[in-house]
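Asks: Below are the chains, spelled out letter by letter.
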Amino acid sequence: MAVTYIDYDIQENIFSTEEGKAIFDEKSRIERWLLIEATLAETQAELGIIPKEAAGLIKFHAKLGKLDLEKIRADYRKGKNSIIPVIKALGQACGHSAEDWVHYGITTQDVVDTGQMLELKKVLFVVERDACSIEKKLILMAKQYAKTPMIGRTHGQYALPITLGLKIAVWLSELRRHIERVNSLKTRILVGQLSGAVGTFSVLGSQGKILSETVLNKLGLKSSAVAWHVARDNIAEFSAVVSMLVNTLAKIANEIFQLSKTDVQEMAELAFDENAMSSSAMPHKNNPVLSQRMVVLSRHIRALHTVVLESMVHEHERDPRALWSEWLSIPQLSIYAMAALENMLRLLDGLRVYPEKMQANLMSYGDFIASEYLMLKLSKKIGKSKAQKKLHDLTSLAVTKNISLRSCLMSDSELTGLIEDEDFNFMENPSHYIGMSESIVEEVIGVN
Amino acid sequence: MRAENYFSPIALEAQSLLRSHITDSLFFGDGYGTDEVKKIFSDFSRLQRWMDVEIALAKTQADLNIIPVSAANEIERKGKVSYLNVEYIQQQIQKTKHSLIPLLKAWQSIMSSESGDYLHFGATTQDIQDTAQVLELREVINIVERDLKEIIKILAKLAKKYSSLVMVGRTHAKHAMPVTLGLKIAIWLDECMRNYDRLMQCKKTILVSQLFGGVGTMAAFQDKGAVLLKNFSKKLGLETPNTCWHSARDRFVEYLSVLAFITGSFAKIANEIIQLSKDEIGELDEPFYEGQIGSTTMPHKKNPEICERIFTLAKLVKGHASLSFDSLIAEHERDYRAVRLEWVTLTDASLYTCCALKLMKSVLQGLVVNKNNIIKNLEKSSDILSSEAIRFSLSKKLDKKNAFDYVYKASIQSLNKKTSLIKELMSFDKIKEQFTESALNEIANPSKYIGSSVLMSNNMVCKSIEKFELSQDISVKYIGQKTLIITYKDPLEKFEGWLVFDGLDHGLSAGGMRVQKGLTQFALQSMAENMTKKMRLCGLPVNGAKSGIDYDPASFDKKLAIGRFIKAIAPFIQSRYSMGSDLNTTMEELTQIAIAQGIPSVKIAIAKEQNYTLDYFHARESILNKMAIQNWSLGRIRAGYVVAMCAARLRHHLHLEANKSKISIQGFGVLAKATIVGLLQEGYSIHAISDAHCCVVSTQSKGLPVQQWLQTSGNTLPKLSSTKDYWVLDREALVQQPTDLLILAAIENAVHIDNVDFVQAKAIVPGANLAVTPDAEKILNQRNILVLPSFVAGSGGSMSMQALFGYKNHPSTEQVLNYMRKKTFSLVDELMLFSQKYRITLTEASEKYIHEKKIPYAEKPYEIEEEM
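So the protein lines, in turn, are chains A and B. Per this note's numbering, the first sequence starts with residue 1, numbered consecutively. Per this note's numbering, the second sequence starts with residue 1001, numbered consecutively.
No lab work stands behind these hints: they were computed from the structure. Be aware that a few hints might be false.
To be verified - Residues of chain A clear of chain B, computed beta-carbon distances all greater than 12 Å:
| no. | residue |
| --- | --- |
| 1 | Lys-88 |
| 2 | Arg-129 |
| 3 | Gly-156 |
| 4 | Glu-310 |
| 5 | Asn-361 |
| 6 | Phe-426 |
Unchecked claim - When the alpha-carbon atoms are kept at most 27 Å apart in a straight line, the in silico DSS-like pairs for lysine-lysine are as follows:
| no. | chain 1 | residue 1 | chain 2 | residue 2 |
| --- | --- | --- | --- | --- |
| 7 | A | Lys-357 | B | Lys-1059 |
| 8 | A | Lys-357 | B | Lys-1608 |
| 9 | B | Lys-1418 | A | Lys-389 |
| 10 | A | Lys-389 | B | Lys-1278 |
Built from N, CA and C at the ideal position, the CB exists for glycine as well.
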């Protein structure tokens, strides 16, 4: 039975990716726990904590294929622990002599938390890889459109000219900060733990610390001086950084969604594909489906991140209520995030940009575009507050009378001689008023 | 309470030092709350409310002899925050960390120790604070209820005003299909009405008291707990809860959820306005007030500032609502963490909501609708908007799959080549064989493809009237898709009345109001349908309606009865029902009664639909009082005039000469007399007339000397006896007279199965309803006698309204009569043509004509495009 979009078989990978699902696949997770148990036994044998023969047997049997899967399933149905059925099966497979040395001196959460860290490591690899690919694409686009003028919008309303390159440079700089965050995060959070039931190394004693360091080192994780069973800040930081990244992507997707509206048409997601119909009723439709999916993914990730934050509040030495909330959130959140990254790559690959339409929209606003420029000009001559009032009145007049600002300026007696031909020329070429857009883009691209 | 120096710099600084929450900001607080709601939550109001609850407790306990009456009296007498040492309370709360005890101590310190002992007797702090919190929310709910209702009314007005304004509908941010702005707004309206229901439901649940003591057992009240709780609740106007709810906070979560629904819906509306006000779209704008500044750097900017604020407030409310779910998880018998959370969530969310309501109201009140841009955007995409309509039309001749594929391919081509969809469709041979370009263009007309948009928006408007503006004496029911029946039950005399709407797909409904003993809803229903037929005959974008009361018209109290009925249906008169006079009512009396009820005219809906000021409307309406022919005013002659014109035109179709044709008229009331005047004006003579008593038949070819009889008032002929010029016969003799045209202008069933065989006319024009019974009509048809349906000759009222209001400037009476004459002629011509073409009777032809008639959508109900 596949009951969520993540697992759907027929509508495959709409809100997930193959790669992401493979990381959190149930059997892979159990294999990961077995790997931890095997590494533990091996290291314990090296340190003389358990017999070498036992460790050999444990290592040999610590594969899901060698265990009685039906038995494990039956035990999970009866039991209330999240790992005992696996350990029991491993013990039974190892036989009487090694059974007692399986999972020696550690607690369930040691294995599960360490296992989860191994997963997050893989997720972070994918996230970084894809974020860097997106970065490369954005750099190319920013270069390509560095001089392409378009209207800038604030409050959803036309404001002043910018270039598309500048818009993309803003995305780029934001994305780069996220990549930095991911890099910094990796140095901090990829830490496992093996300190026993209440984090005191009660069984392993003084050998515990070296054991834990060696095992985790072998697994590719760092070890922590103190147990983090109830200190979930690392997980919360992971979730926060990933959500931030995805929300930036959603911001970009929303911008594409807005700019591809029929009324705007400055961009479009994937042109018509002969076989991909957007609407069951309206044959003419070409919907921005990818950018919409991005927004959906970001909403879910935001909500899931709230749960993860809530799960920081553990009680006493261990608190499964908080832990389990994390278990339900982290895999979904990670899979959605990886899907969002992949979606973004596809979206950018198929993105159409229409510089002519950008120019047309820019020109359609007539000379209002130049209002700030004119204000600066006039301020020098009649003072800022007077200039502001004057232009406000004249633009209102132009709107109510539906005439050009230019004619209002020309017919205003107070402004006679104050506006020069050069200024009128400016109004006709709003693309002159893109400020430092181009050099900002160059600067952003230049910084690596 | 503001001191003189409130705004002095020092006072301001001192004030702002300790007030850092944005709602308290002297500068920005206005954007996050309203003064009205802030007062409810202010520090002093809160303390005073706690004291009020303590007083109610003491008084109730005194009533039940739990505490001495004197103690309760002193508690009440000293129970004002202003009597207390507020500074002490503030310090002690900080020190003791208790929220109520310091207040009680300060209060006790100003009363005798005997009374002081009985303060807060047996209650727990949370009892007092929870009850006070409920009282607090009661005040907020009243504001929310009031404002939401007003917003609903504004939305209803907008939905009606723009019910047929066609615009682009968008899905996935792309142009999809045409809709009307009215429908868009009707959806907002429906949503807000559901939120209103939620608020009312929540109000019922939430308004309960709390008085159960430390762990909810009422231990301190001994056996008097239950009665104490009941009386205490009653005193405060609250319901009595079943059990204590110290740790069951669901009521407040429900309240906050409802606020989140209300503001969430507003955010949707605000966002729609923001989106549609973008420069590329420019269809809507929020009002921009004089003095408002859009941008510090760009003088031209007009930003959708208010809508953005509404959007933000909704997010804040949502945040508090979701926080409140955490307070559901309270532990054991009491858990103050929930209460502490509520002090923030309830307060802030209430402030934000009230502010959002205020802002939403101002946006909707001044909503700017840029029709030019709406039309422009629609025209730009007109062919793609109709891809579904085209697909349906194609699939009638091709199969469904093929139809979709053709339109799909053509869409791609048109987008790639930037040509029109229809041009591309015409490039396929298969399509070219079956369709012409103009046929496809006709299908692609967006205003033809708005489905039931108009009907649905008008329906919503009626539902909102039904919900908010009708008294209890009124009930409303829908029959099928189109009939709306408003039933009135008179509380005084117990008679019944009805207002029946036959269809709501236009902005206006018109029809008369009658007073008739034994009147039934079903009779009115068929009369309303008849009205619709008349409207459609005249080509008017108006729906039929009819109203009336089952009441004795001779009763002394008739005017009062009509007055109560009109008052009850006033919201409909104000919005869509244009009332006329009918059986046993006159325009003068209806107008008089309406004015007494504060309604300026029973036809006020016309003024609104035509966009007239009241004065202009009155000036236009008063043309009806002007003399049209001799001493006949336009208002009195119009109905009869059209009957006369129908007769005149039928005469033409019978190929008779005007001065040689014989005309008989049954009746001598206003309708019959007006018909006679109309006919005389056209140069006809009248051969026979009957009233309730007798029948006069001319013996001369020049006809009856009817001119002199017209001066008599009332419904009867002057007393006559036979002369050489005419004979006076029994009144039944009229229908038996050999005549060319028989006009029935008096009663129902004038020609029936028993006298039909004696009819010797060539054609019958029934001016009155049902003057010819259906079985009689069948026989007349067999005998090849033309019978015009009564709704044709009876359409004078509707036709005159068209002429009266349709012209751009005030028309003269001649202009109105002329219009009616030409319109009647062309109508009769068309019906005759239909009847001959399809070999069907005139009644069948009329029904067919009405059925097939296409009424185009119109902004105003009455508009005459060119001089006829």
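Asks: Hint by hint, note whether the structure agrees.
Replies: Hints, one by one, checked against the model:
1. Distance check on Lys-88 (chain A): its Cβ is at least 35 Å (rounded) from any Cβ of chain B, clearing the 12 Å threshold; non-interface status holds.
2. Separation of Arg-129 (chain A) from chain B is adequate, the least Cβ-Cβ distance of about 31 Å exceeding the 12 Å criterion.
3. Remark: the non-interface label on Gly-156 (chain A) conflicts with the geometry, its nearest Cβ contact in chain B lying 5 Å away (cut-off 12 Å).
4. With a minimum CB-CB distance of about 9 Å to chain B, Glu-310 (chain A) fails to clear the 12 Å threshold, and the non-interface call is violated.
5. For Asn-361 (chain A), the non-interface assignment is contradicted: its Cβ lies about 6 Å from the closest Cβ of chain B, within the 12 Å cut-off.
6. No Cβ of chain B approaches the Cβ of Phe-426 (chain A) within 12 Å, the least distance being about 15 Å, so the stated non-interface status holds.
7. Simply put, Lys-357 (chain A) and Lys-1059 (chain B) have alpha-carbon atoms about 76 Å apart, too far for the 27 Å limit, and the pair is violated.
8. At roughly 42 Å between alpha-carbon atoms, Lys-357 (chain A) and Lys-1608 (chain B) are farther apart than 27 Å, so this suggested pair is violated.
9. Between Lys-1418 (chain B) and Lys-389 (chain A), the direct Cα distance comes to roughly 43 Å. Violation of the 27 Å bound is thereby established for this hinted pair.
10. A hinted pair counts as satisfied when its Cα atoms are at most 27 Å apart, and Lys-389 (chain A) with Lys-1278 (chain B) qualifies at roughly 24 Å.
This entry does not satisfy hints 3, 4, 5, 7, 8, 9, going by the numbered hints stated previously.
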